[in-house]
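Throw the hints in and build the complete structure from the sequences for me.
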Amino acid sequence: MNQQLPAPNGKRVVVMDSYYTRHSFAKHVLSMSGGETCIIGTCRLNYVDSLTRLAVEAAILQLKDAAQGSWKLVAAIDTVDNMKEE
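By the count of UniProt numbering, the sequence shown reaches residue 86 at its end, each step adding exactly one.
Keep in mind that the hints were calculated from the coordinates and are not lab data.
Here the structure is a predicted model, which means the values were calculated and not measured.
The reader is advised that the hints may include incorrect statements.
No farther apart than 20 Å at their CA atoms in a straight line, the calculated lysine to aspartate or glutamate pairs in the DMTMM-like style are these [said to hold, decoys possible]:
hint: 1; residue 1: LYS72; residue 2: GLU57
hint: 2; residue 1: LYS72; residue 2: ASP17
hint: 3; residue 1: LYS11; residue 2: ASP49
hint: 4; residue 1: LYS72; residue 2: ASP49
hint: 5; residue 1: LYS27; residue 2: ASP49
hint: 6; residue 1: LYS27; residue 2: ASP65
hint: 7; residue 1: LYS27; residue 2: ASP17
Structure representation (structure tokens):
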């Protein structure tokens, strides 16, 4: 069964309980939808880029002794292609 409810601000958030969700996939969905759709999901640690990995590892440590069903939201960090080296 699939339910779709109208979003009050016109944007959509897709929650994916998929172990294989990737930041690059979420970025493509965001760009294809014109910024109207975002994804929240689980991912495998070896699919996390080095910029985001530290935050994910810190969240895992914080959840080590937490009750079952506890979770942390960790934002993925976008790389900057035109960053100047000094």
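Now for the hints, and whether the structure bears them out:
{"no.": "1", "hint": "LYS72 with GLU57", "in the structure": "11 Å, holds"}
{"no.": "2", "hint": "LYS72 with ASP17", "in the structure": "14 Å, holds"}
{"no.": "3", "hint": "LYS11 with ASP49", "in the structure": "27 Å, violated"}
{"no.": "4", "hint": "LYS72 with ASP49", "in the structure": "18 Å, holds"}
{"no.": "5", "hint": "LYS27 with ASP49", "in the structure": "14 Å, holds"}
{"no.": "6", "hint": "LYS27 with ASP65", "in the structure": "32 Å, violated"}
{"no.": "7", "hint": "LYS27 with ASP17", "in the structure": "17 Å, holds"}
The structure shown violates the earlier hints numbered 3 and 6.
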